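**Q** What follows is the residue order along each chain.
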Amino acid sequence: MEFEVQDNQANNSIQGVINLQPQVNQVQAQQQEIPIKQTDLQVSSTLEESVAVTLLRDLRQIGVKLRCVLVPTMSSNNAKELRNWDLWGPLVFCLMLALTLSLSGNNDDGPGIFATIFVLIWVGSFVVTLNAQLLGGKVSFFQSVCVLGYCVFPINLGALFTLFFSFFYLKMFLVIGCFLWSTYSAVGFMKQLIPEQKRILALYPVILFYLFLSWFALIV
Amino acid sequence: MDFGIQNQTDEQQQANKEPSNQNGNEGNKKQTGCCAFLTIEFYTPYFNVTETDVLQRIQGTFLPLRPDFLNLIRGNPDLWGPIWINATLIFMITAIANLRQIDEEKENQSFVISYVPQATALLYIIAFGTPIVLAAVMKFLGVDLSFFQTICLYGYSMSTLLPITILCYFQNELFLWLIIAYGFANSSLFLIINLKEELDKLQIQKKYIIIGIVVTMQLSLYLFYKLVFFSYVKE
Numbered sequence: 001m002e003f004e005v006q007d008n009q010a011n012n013s014i015q016g017v018i019n020l021q022p023q024v025n026q027v028q029a030q031q032q033e034i035p036i037k038q039t040d041l042q043v044s045s046t047l048e049e050s051v052a053v054t055l056l057r058d059l060r061q062i063g064v065k066l067r068c069v070l071v072p073t074m075s076s077n078n079a080k081e082l083r084n085w086d087l088w089g090p091l092v093f094c095l096m097l098a099l100t101l102s103l104s105g106n107n108d109d110g111p112g113i114f115a116t117i118f119v120l121i122w123v124g125s126f127v128v129t130l131n132a133q134l135l136g137g138k139v140s141f142f143q144s145v146c147v148l149g150y151c152v153f154p155i156n157l158g159a160l161f162t163l164f165f166s167f168f169y170l171k172m173f174l175v176i177g178c179f180l181w182s183t184y185s186a187v188g189f190m191k192q193l194i195p196e197q198k199r200i201l202a203l204y205p206v207i208l209f210y211l212f213l214s215w216f217a218l219i220v
Numbered sequence: 001m002d003f004g005i006q007n008q009t010d011e012q013q014q015a016n017k018e019p020s021n022q023n024g025n026e027g028n029k030k031q032t033g034c035c036a037f038l039t040i041e042f043y044t045p046y047f048n049v050t051e052t053d054v055l056q057r058i059q060g061t062f063l064p065l066r067p068d069f070l071n072l073i074r075g076n077p078d079l080w081g082p083i084w085i086n087a088t089l090i091f092m093i094t095a096i097a098n099l100r101q102i103d104e105e106k107e108n109q110s111f112v113i114s115y116v117p118q119a120t121a122l123l124y125i126i127a128f129g130t131p132i133v134l135a136a137v138m139k140f141l142g143v144d145l146s147f148f149q150t151i152c153l154y155g156y157s158m159s160t161l162l163p164i165t166i167l168c169y170f171q172n173e174l175f176l177w178l179i180i181a182y183g184f185a186n187s188s189l190f191l192i193i194n195l196k197e198e199l200d201k202l203q204i205q206k207k208y209i210i211i212g213i214v215v216t217m218q219l220s221l222y223l224f225y226k227l228v229f230f231s232y233v234k235e
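Chains A and B, in that order, are what the protein sequence lines are.
Letter by letter, the first sequence follows residues 1 to 220 of full-length UniProt numbering.
Letter by letter, the second sequence follows residues 1 to 235 of full-length UniProt numbering.
It should be emphasised that the hints constitute simulated quantities derived from the structure, not laboratory data.
Note that the coordinates shown come from a computational prediction; the quantities given were computed from them, not determined experimentally.
Hints are supplied without guarantee of correctness; some may be wrong.
[Said to hold, decoys possible] Ranges of calculated distance between the beta carbons of each label pair, as one might list FRET restraints:
{"no.": "1", "chain 1": "A", "residue 1": "D108", "chain 2": "B", "residue 2": "N71", "range": "49 to 59 Å"}
{"no.": "2", "chain 1": "A", "residue 1": "G63", "chain 2": "B", "residue 2": "D68", "range": "46 to 56 Å"}
{"no.": "3", "chain 1": "B", "residue 1": "T216", "chain 2": "A", "residue 2": "P195", "range": "14 to 24 Å"}
{"no.": "4", "chain 1": "B", "residue 1": "A121", "chain 2": "A", "residue 2": "L59", "range": "51 to 61 Å"}
{"no.": "5", "chain 1": "A", "residue 1": "S50", "chain 2": "B", "residue 2": "L55", "range": "54 to 64 Å"}
{"no.": "6", "chain 1": "A", "residue 1": "L59", "chain 2": "B", "residue 2": "I213", "range": "52 to 62 Å"}
{"no.": "7", "chain 1": "B", "residue 1": "S220", "chain 2": "A", "residue 2": "A115", "range": "25 to 35 Å"}
{"no.": "8", "chain 1": "A", "residue 1": "V123", "chain 2": "B", "residue 2": "F224", "range": "46 to 56 Å"}
{"no.": "9", "chain 1": "B", "residue 1": "F224", "chain 2": "A", "residue 2": "S166", "range": "27 to 37 Å"}
All C-beta atoms, glycine included, are put in the ideal place defined by N, C-alpha and C.
All chains should be built: construct the whole structure from the sequences, respecting the hints.
**A** Here's what the structure looks like:
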């Protein structure tokens, strides 16, 4: 008997909640009809799609931004694309680099290397961006972190190459090429946002950051 | 963008708290308020240098007996030097220490990653922690120490370690001890000569406390350098 009563009470309370919601929606709908209906439709459309579609859309956005960042053609489309910063791309490349380096053969401290690379990339990006802001650059914080993270991708490629080749001078040549590519892309983005006389002070940390990462890609 | 919002709320709080001070400040150069040191604007005046300034200041550290350095930073201490000279040093320590290991063991190359957090902790604690300790001790002894000038001084004194780290690549034990000793003497002299102005405000016995702290920290830095990073020598 008690359970039934509780169930009934539960049912009543649930029904009470369900009954309240349409009243609230009606009140809101009376105030602003059209915008709520549109956002309801948008929210339900991305909530109802499959996980594969969501992931593919995010991956496609990462790919588009990667092309904008790494093929440095100073067009206005690039600038507009980069203004929609996201941190998924940097996270993916950071994890790939840390995994590649920590799983490669000649080291006995895999977890340590993973942790160091991870912390290095994120703390390094933050500090380099803070440095640019403190020197008077008009650079949006997360947009800069985003671009620095995307420019880690060539070093990722370099780390993958060094896994397959064993001749040291070939590895060095490839990694130097990847370092120059990363640095050129990142510098191309940051250069336009810093006042003239402090430009080298803002760009040297970027060079140091990618040099550090390339060094790890080469040696580990 | 988040930092932009944070700055606005800080400014709004300060505008509500101290409306009269806002008219007195010239162009919001220094912010007041209890959490001012957490905003970016608080540190912007300390980045007011160009690359030629930075190079001149680094050159001023190599000859400690000439008091050029204080004239170079008078009124305009910068924080760029301390932060990035130490970052460069961390990279160079990692690179050169691992190069030494690679040259020695061709078959069994192991890569020591622990130098990075160790070097980071060591350099930043000594470059930023010692000025804090010195400022606290001086305050306790009754004299005010210009805080950012001391941080600038300590940061640039680390630039002695730049050529020393490159030279530590060579394997000769005696040579390493010689250049470490030279670096220790150079940077200690540099610090003491440039702190002399502030130290003269103290009595003689109390001066030695400060000099003792400075010398001890430099000694620990150079010993750590030699014994931990570059101790591995081919037998």
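**Q** Run every hint past the structure and note whether it holds.
**A** Okay, the hints, checked on the actual structure:
1. A:D108 x B:N71: 49 to 59 Å: holds, 51 Å
2. A:G63 x B:D68: 46 to 56 Å: With Cβ atoms ~54 Å apart, the hint holds.
3. B:T216 x A:P195: 14 to 24 Å: violated, 41 Å
4. B:A121 x A:L59: 51 to 61 Å: violated, 38 Å
5. A:S50 x B:L55: 54 to 64 Å: Since the Cβ atoms of S50 (chain A) and L55 (chain B) sit about 58 Å apart, the hinted range of 54 to 64 Å holds.
6. A:L59 x B:I213: 52 to 62 Å: holds, 56 Å
7. B:S220 x A:A115: 25 to 35 Å: With a Cβ separation near 26 Å, S220 (chain B) and A115 (chain A) satisfy 25 to 35 Å, so the hint holds.
8. A:V123 x B:F224: 46 to 56 Å: violated, 22 Å
9. B:F224 x A:S166: 27 to 37 Å: holds, 35 Å
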